[in-house]
Amino acid sequence: MDIFSVLELIGGLSLFLYGMTTMGDGLKKASGGRLEVILEKFTANKFMAVILGTVVTAIMQSSSATTVMVVGFVNSGIMALSNAVGVILGASIGATITPWLLSLSSIEGTGTILKLLKPTVFAPVISIIGVGILMFSKKEKNKNISQVMIGFSVIMFGMSMMSGAAAPLSEVPQFKQLMSMFSNPILGLLVGFLLTAVIQSSSATIGILISLCATGMITYATAIPIVLGANIGTCATAMLSSIGAGRNARRSALIHLYYNIIKSFTFVVVFYSINSFVGFKVLEKTANGTGVALFDTALSIVAVILFFPFSGILEKLAYFTIPKTEDENQEADMKKHITSMLDDRFLATPEFALSQCKTACIEMSKYAKNGLFLAIDMIGSYDEKNAETVFYYEDLVDHYEDVLDNYFVKLSTAHLSPKSSQQLAILMHSISDIERISDHAINISESAREMHERQLAFSPKGVEEFNIFTQAVKDIVNMTFQIFEDENMSYALNVEPLEELIDDLSVEVRKRHMKRLRKGKCSVEMGFVLADLITNYERISDHCSNIALNVLQIDGEGYDVHEFQENLNADNDDFAIKMGELKDKYKLPVSVKKSEEEKNVEEENSTEESNKTENKSDKVEKKSDKVDIKKEKTEKKDKKNKKG
Numbered sequence: 001m002d003i004f005s006v007l008e009l010i011g012g013l014s015l016f017l018y019g020m021t022t023m024g025d026g027l028k029k030a031s032g033g034r035l036e037v038i039l040e041k042f043t044a045n046k047f048m049a050v051i052l053g054t055v056v057t058a059i060m061q062s063s064s065a066t067t068v069m070v071v072g073f074v075n076s077g078i079m080a081l082s083n084a085v086g087v088i089l090g091a092s093i094g095a096t097i098t099p100w101l102l103s104l105s106s107i108e109g110t111g112t113i114l115k116l117l118k119p120t121v122f123a124p125v126i127s128i129i130g131v132g133i134l135m136f137s138k139k140e141k142n143k144n145i146s147q148v149m150i151g152f153s154v155i156m157f158g159m160s161m162m163s164g165a166a167a168p169l170s171e172v173p174q175f176k177q178l179m180s181m182f183s184n185p186i187l188g189l190l191v192g193f194l195l196t197a198v199i200q201s202s203s204a205t206i207g208i209l210i211s212l213c214a215t216g217m218i219t220y221a222t223a224i225p226i227v228l229g230a231n232i233g234t235c236a237t238a239m240l241s242s243i244g245a246g247r248n249a250r251r252s253a254l255i256h257l258y259y260n261i262i263k264s265f266t267f268v269v270v271f272y273s274i275n276s277f278v279g280f281k282v283l284e285k286t287a288n289g290t291g292v293a294l295f296d297t298a299l300s301i302v303a304v305i306l307f308f309p310f311s312g313i314l315e316k317l318a319y320f321t322i323p324k325t326e327d328e329n330q331e332a333d334m335k336k337h338i339t340s341m342l343d344d345r346f347l348a349t350p351e352f353a354l355s356q357c358k359t360a361c362i363e364m365s366k367y368a369k370n371g372l373f374l375a376i377d378m379i380g381s382y383d384e385k386n387a388e389t390v391f392y393y394e395d396l397v398d399h400y401e402d403v404l405d406n407y408f409v410k411l412s413t414a415h416l417s418p419k420s421s422q423q424l425a426i427l428m429h430s431i432s433d434i435e436r437i438s439d440h441a442i443n444i445s446e447s448a449r450e451m452h453e454r455q456l457a458f459s460p461k462g463v464e465e466f467n468i469f470t471q472a473v474k475d476i477v478n479m480t481f482q483i484f485e486d487e488n489m490s491y492a493l494n495v496e497p498l499e500e501l502i503d504d505l506s507v508e509v510r511k512r513h514m515k516r517l518r519k520g521k522c523s524v525e526m527g528f529v530l531a532d533l534i535t536n537y538e539r540i541s542d543h544c545s546n547i548a549l550n551v552l553q554i555d556g557e558g559y560d561v562h563e564f565q566e567n568l569n570a571d572n573d574d575f576a577i578k579m580g581e582l583k584d585k586y587k588l589p590v591s592v593k594k595s596e597e598e599k600n601v602e603e604e605n606s607t608e609e610s611n612k613t614e615n616k617s618d619k620v621e622k623k624s625d626k627v628d629i630k631k632e633k634t635e636k637k638d639k640k641n642k643k644g
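The sequence shown maps to residues 1 to 644 in the numbering used here.
Derived from the structure by calculation, the hints contain no laboratory data.
Incorrect hints may appear among the rest.
In silico lysine to aspartate or glutamate, DMTMM-like type, Cα no more than 20 Å apart, as pairs [stated by the list, open to error]:
1) 366 x 377
2) 324 x 343
3) 474 x 508
4) 474 x 584
5) 366 x 315
6) 511 x 465
7) 358 x 343
Model the full assembly from the supplied sequences, consistent with the hints where possible.
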């Protein structure tokens, strides 16, 4: 075997991996996201989870992709860890479809049907059809199908190249000696594991193995341990994807790893112990693609049947490796607490049930605030443990919202006084804003993580400005949630001016960053992070404004957000006066040069300062114009909320 054969073997492997990626991407696009939705919604039953894990993996042609998806679902709280076990078991069966496709290259025979089944015959035809659809069809759905066809053809061409390159190895004595070494179960298993962990695909490892079977020098004694090792190596992708994720996400990756380790080593111990007494003659036979695929499928199906009744053990092993923290135990207790607080038996006395809802909403707002402030404090000083706590609070807030939403529906059918009905409607609107504030805490936490990982930092001047901006956001959140708890109408009037000021601060902070960027004092990368943080701050203040407006309507007769907003800032001078006070309180620092210029300007315009009261009418007119814009902005939000 010369250097050209080695290059051909590597080239074939490259085409194989590219084809797997292309076909997998095409299948995902063709599914239109339905696979994710199916996994998300229909895995509560463990048996159904196994079936869905098998089907989804067979379609996606990658157990790693399915497991990574599961890790993401568990991390976001969409899927429970107990439900993830079934999907992982099913994924191991679904992954065995690929070896059967690859084994088609080992088909021998001169019959017409057998010839048609050979990749060298049908792969070019599929490739021509796929390219034709890609070139002449404008429909996205057809293009996705063509991508699947082209990817499959590339896989088969890659397999053909690898088989052709491996053929000369049959004449190399050293290769035969090497393969006989891998018949040692532990050594063969280690080779399969390392190869799969490196190329991140058990299908690729089995594809290489099937290609080498064409040399006629691979026995089942060598092939079986390599397949077992490939089953363990495929866990590397999920383990890598769980890095930096929540504790439950890391546990789901460990379940995948433990299952494949136990499956493989149990087979090794049982099979080779019996072999030492019986002596299985099949181990001495020359392996082929069909035999390798059959062994892989049989192993996975039998393992799932045996492990399914004991799937809870895998979950316990994951919890043993990553024990539950006090926060997690507390979270479980809090979830029970909210469920018991909103007992259906309280619906018999609707007014009391409504007061329970109000108490639950206040608790929910406190968790949202705790998570938000913890995330904000991590900007510039990221801590992984604190990040997990932010996720803990966000998950708790989501649970509160789900339970409250269901309870609100039941309570809305009860007999309530007009005022209580209005208060119920206000609570229903407010928890949506509270939950969104909690979501922004996660976004801010991710920005803090990005700054930490990429070693980004604000300039000294930027830190000073951003701290003032941050304090304004913290103040509006504190004020809003206190108003929500106390239902203080007069205090609620202070939220809207502060929300307007935060909008002004966001514009000014952006401008100042751009000036420093032009002077080379700030980086472009930091600018992207800053833009995300500013957007989250603005939206947090918008949600605070919505909550305050809701509170103001408790004594009102109707539910008209826009009318309340106009009355707040369009018909008197109090709004302008409050804005002036807030601008002084949250004034951004100026440079030394600019401050000297400002001194001269202040001396020249001292008479203008004394005449501020005379110009209030002009300010009010401008403010009323701004109200129209604000009204349009609020109407858009209201429409989105209705759609949601």
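Against the structure, the hints come out as follows:
no., hint, in the structure
1, 366 x 377, "holds (16 Å)"
2, 324 x 343, "violated (28 Å)"
3, 474 x 508, "holds (18 Å)"
4, 474 x 584, "holds (17 Å)"
5, 366 x 315, "violated (32 Å)"
6, 511 x 465, "holds (12 Å)"
7, 358 x 343, "holds (14 Å)"
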